[in-house]
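**Student:** Letter by letter, the chains look like this.
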Amino acid sequence: MTSITPTQATVPPRPKRSGGGSFGRSDRRLAGILLSPALALIALVAAYPIFYAIWLSLNEYSVRVPGLQRFAGADNYREAIGPSFWDAFGNTMLFTGVSVALELVIGLAMAVAMHSAFKGRGLLRATVLVPWATITAVTAITWRSIFEPGLGFAPQVLEKIGIAEDVIWLGENGYAMAVLILADVWKTAPFMALLLLAGLQVIPEDVYEAAKVDGATTWQRFLRITIPLLIPAILVALIFRTLDALRIFDLPKVLTDGSNGTNVLSLLAYQELTDNRLIGLGAALSVLTFVIVMVVSFLYIRFVGGNIKTLAED
Amino acid sequence: MQNDARPARRTLARHDFEEPDMIRPFLRHATLGLATILSAALIAVGCGGDDDDDNGGNGGSGGDDTSQITASDEPATGDIVLCMGKDTSGIHRPTLAKFNAANPDANATLVELPESADEQRTQLVQRLRAESDECDVLALDVIWTAEFAAQDWLADVSQLVDDRKDEFIESTLATGEFEDKYFAVPFNSNAGFVYYRTDQVDEVPETWEALYEEANEYNGLTYQGSRYEGLTVHFLELLYSAGGEVLNDDGSESTADADTTREVLQFMVDGIEDGAVPRATLTYKEEEARRAFEAGTVTFMRNWPYAYSLGQDVPAIKGKFEVAPFPAFGDSDAASVLGGYNLAVSSYSDNEEGAAALINFLTAMEAQVNYGANATPPVLTAAYDDKAVTDALPFAEVLRDSIEQGRSRPVSPVYPQISEAISTNVYSALSGDATVDAAVKKMDEDITKALATF
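For the record, the sequence lines run as chains H and S.
Residue 578 in our numbering sits at position 36 of the first sequence, with consecutive numbering throughout.
Residue 403 in our numbering sits at position 398 of the second sequence, with consecutive numbering throughout.
Do not take every clue at face value.
[Claimed, not checked] Okay, the calculated bits of chain S under chain H, using three or more residues with CB under 8 Å as the criterion: (1) 231-245; (2) 285-292; (3) 414-424.
Honestly, the hints are just simulated from the structure, not real lab data.
Every residue, glycine too, gets a C-beta built ideally from N, C-alpha and C.
Produce the entire structure from the sequences given, and follow the hints as far as they go.
**Tutor:** Printed below as a string of C-alpha cells:
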C-alpha cells in the first residue's frame with residue numbers, strides 16, 4: 543500500500559489507463575496466483591506426458607520377464623534411427639510437402655470462388671465444407687472402397703477411359719502415396735480455403751477500386767493486391783496444415799496400414815508401441831516425431847512470425 | 006462481410022463435437038489422428054505407467070507358478086466376469102444365463118470388448134498391466150497365449166485340460182500351451198478353406214501346385230495378401246504344408262533361412278507374376294477377398310468359414326460354390342493354421358474356482374454343440390457329429406478335417422514381432438520390392454532380432 547499511494551499521488555489525472563504496461567509488484571503476484579491453476583493444468587496434461595515419454599524412451603521394458611526393466615540410455619534411439627525410420631521420415635516429408643502445396647493452390651482457388659459475389663454463394667460455401675466435416679477414418683474407408691481393385695469406382699472409370707488400366711492403386715508404391723495425398727487434399731483443401739477466405743474478407747474493397755481506376759486488369763489485381771495482402775493468412779494456414787500433415791496417422795492407418803511406401807512416423811511409433819509392446823523403442827520414436835514437429839514449427843514461427851511483423855509494418 | 010464468415014465457423018465447430026457419436030468404431034483412430042504427438046506420449050504413459058508396481062507386486066495370486074487351477078465338484082459361487090469380444094451372434098449371454106441357472110449361488114456376467122481382435126488385445130493388456138481384478142475369465146485369440154503367459158498374467162490351467170484331454174480336437178490344445186504348461190483351454194476354433202466355384206471346376210486339386218495351374222486356366226485364386234496377420238497365416242499354411250518351420254522346437258532360434266522357405270515364397274511370387282493369383286490380392290483382407298469371390302471374379306479363394314453362409318445369400322454365386330480342406334504342397338501333407346479363441350483365468354482373478362467352473366461349462370459338450378448350432382466352430386471332436394451342428398455348418402466334416410490338420414502359429418512371447426517379420430518380408434517379395442532370396446534372409450534376420458528382444 544505504501545508504495546502505491548505516492549505513485550497515485552504523483553499522477554492523479556490518469557489513475558488507470560489500460561495498456562499502460564506497468565504493473566505493481568502485488569499486481570504481478572496476483573497475476574501469478576491467478577495463472578497458477580492454468581499453468582499447473584498445462585504441466586499436468588502437456589509437460590508431464592512429454593517428460594514421461596522421454597524418460598520411457600531412455601529405458602527398456604521386458605516383454606519376456608514380468609516387471610523387468612533396465613536403463614538403456616541412447617540404445618532405443620540408436621535402434622529407432624534405422625532404415626524403417628528413414629523410410630517413414632521420407633514418406634512423411636513427401637506427403638507433407640506435396641499435400642500441403644496442393645491444398646494451398648486448390649484452397650486458394652476455392653477461397654477466391656467463395657469470396658466472389660454470385661447467386662448460390664451460400665450453397666457453395668456449405669458444400670465445399672462437407673469433406674472437411676467428414677471424419678478422417680470415414681474418409682479413408684470411402685477412398686479405400688473407391689480404389690478397390692476391379693470393384694471400386696475409380697479403377698472402373700479409369701479402365702473405361704483407358705488410363706492406368708492395370709494399376710492396383712493401394713497395392714503399389716507411389717500409387718498408394720498418390721491416393722493418400724489425394725484423400726488428404728480432398729479432405730483438407732476446404733479447411734485451407736476457409737482460412738484464406740477469412741484473409742480475403744479483410745482486404746478493403748477500395749484498394750481494388752483504386753486499382754481499377756488505374757486500369758489494372760483482373761489478373762494484375764490478383765497478383766499485385768490479393769496475393770501480397772493475403773500472405774499473412776497464407777502463412778498461418780501453412781503452419782496449421784504442415785504441422786497437421788507431419789503427424790498424419792488415421793489416413794494411412796486405414797488406407798494401407800503403412801504398406802507400399804506409406805508408412806509415416808506416427809504410424810511407426812504406434813506399431814512399436816501398441817502392436818509390439820516395445821515401450822522404450824515406441825517412446826523413442828514418439829519423441830523423435832515430436833522433435834521433428836517442434837523443429838519445423840520453430841522454423842515456421844521464426845521465419846513466418848518475422849514476416850508477418852514486417853508485412854504489418856509495411 | 007465479417008458476418009458471412011461466422012456461420013461457416015459455427016458449422017465446423019458443431020461437426021467437430023458430433024464426431025465421437027457418429028461413428029464409434031473409428032473413434033480411436035480419429036482421436037489419435039487429432040493429436041498424434043501428444044497421444045503417442047500419452048500411450049507411452051498409459052502402457053508404461055505401472056512398471057514400478059510390477060516390480061513390487063509380482064507375488065500376485067498367479068505369480069507363483071506352483072498354484073494350479075483345479076475344478077471342484079461343488080456348484081460354483083460368487084461373481085464371475087467373462088471378458089471377451091463383442092457378442093455379435095448374441096449367443097454368449099444366454100449361455101451364461103444357463104450357467105447361472107445351474108449354479109444358483111454364482112453370478113456370471115459378460116464384459117464385452119471391441120469387435121476387432123487388435124482392440125481386444127489392447128484393452129486386455131491395459132487391464133492386466135494395471136493388475137485389474139475386473140475380469141476372471143479372458144477370451145484370448147489363440148496367438149496371445151505365450152505373450153500373456155510370459156507376463157504372469159494367466160493362471161496355470163493344466164489340471165483343467167488334463168482332466169478332459171481326450172475330448173478336445175488335439176491340434177487345438179497346442180494353442181493354449183506355453184513352456185510345457187497349459188495357460189488356456191480351447192473355446193472355439195477356426196481353420197481356412199479353399200472355396201471353389203462348382204460351375205467352373207469339379208473339385209479342388211490335391212496339391213497347391215495343381216491348384217495354381219488350374220487357377221491360371223480359370224479365373225484365378227485369391228487370398229488375404231495385404232501386409233498383415235492374414236498374410237502371415239496364409240504363408241504359414243503353405244510353409245507348414247511344405248514341411249517348413251520358422252522357429253526351432255523350443256522357439257529359441259529362427260529356422261526361416263531355409264530352402265523350403267525360399268521354395269514356398271518363390272511359388273507364391275510366381276503365382277502373382279503368372280496371373281494365377283490376381284495382383285489385386287495384395288490389397289485384400291478377408292472382406293475384400295470375399296467381395297471379389299462374391300462378384301464372381303475368381304474361381305478359388307482362401308478364406309475362413311464365415312464366408313460360406315454369407316455367400317449363400319449372394320444370387321451370383323448361390324449354390325455354385327463349395328469348400329474343401331487345403332491341398333498338400335508337393336509330396337508333403339496338407340496343413341492349415343488355426344484361428345479361434347481360448348479361455349484363460351486371469352492371475353488377478355479373485356474367484357479362481359468360479360472361473361474354472363465357468364470354463365468347464367463353456368467347453369462342455371452341451372455348450373459347444375450350442376455354439377456349433379450357431380455357426381461358431383466347436384473344439385470338441387464329438388460336437389461335429391451332432392445334427393444341430395451339421396445343420397448349421399453344412400461343411401462340418403470338412404471343417405473338422407481342416408482343424409485336425411491345423412497347426413499353431415509360432416508360440417512365442419514376441420509373436421507380434423515374428424508375425425510382422427513374416428508378413429512384411431513375404432509382402433515385399435510378392436510386391437516385387439525384394440527378391441525371394443533377400444526377403445527370406447531379411448525375414449530370418451528380423452525373426453532373430455525379435456527373439457533377442459529384452
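**Student:** Hints numbered earlier in the text: which of these fail when held up against the supplied structure?
**Tutor:** none
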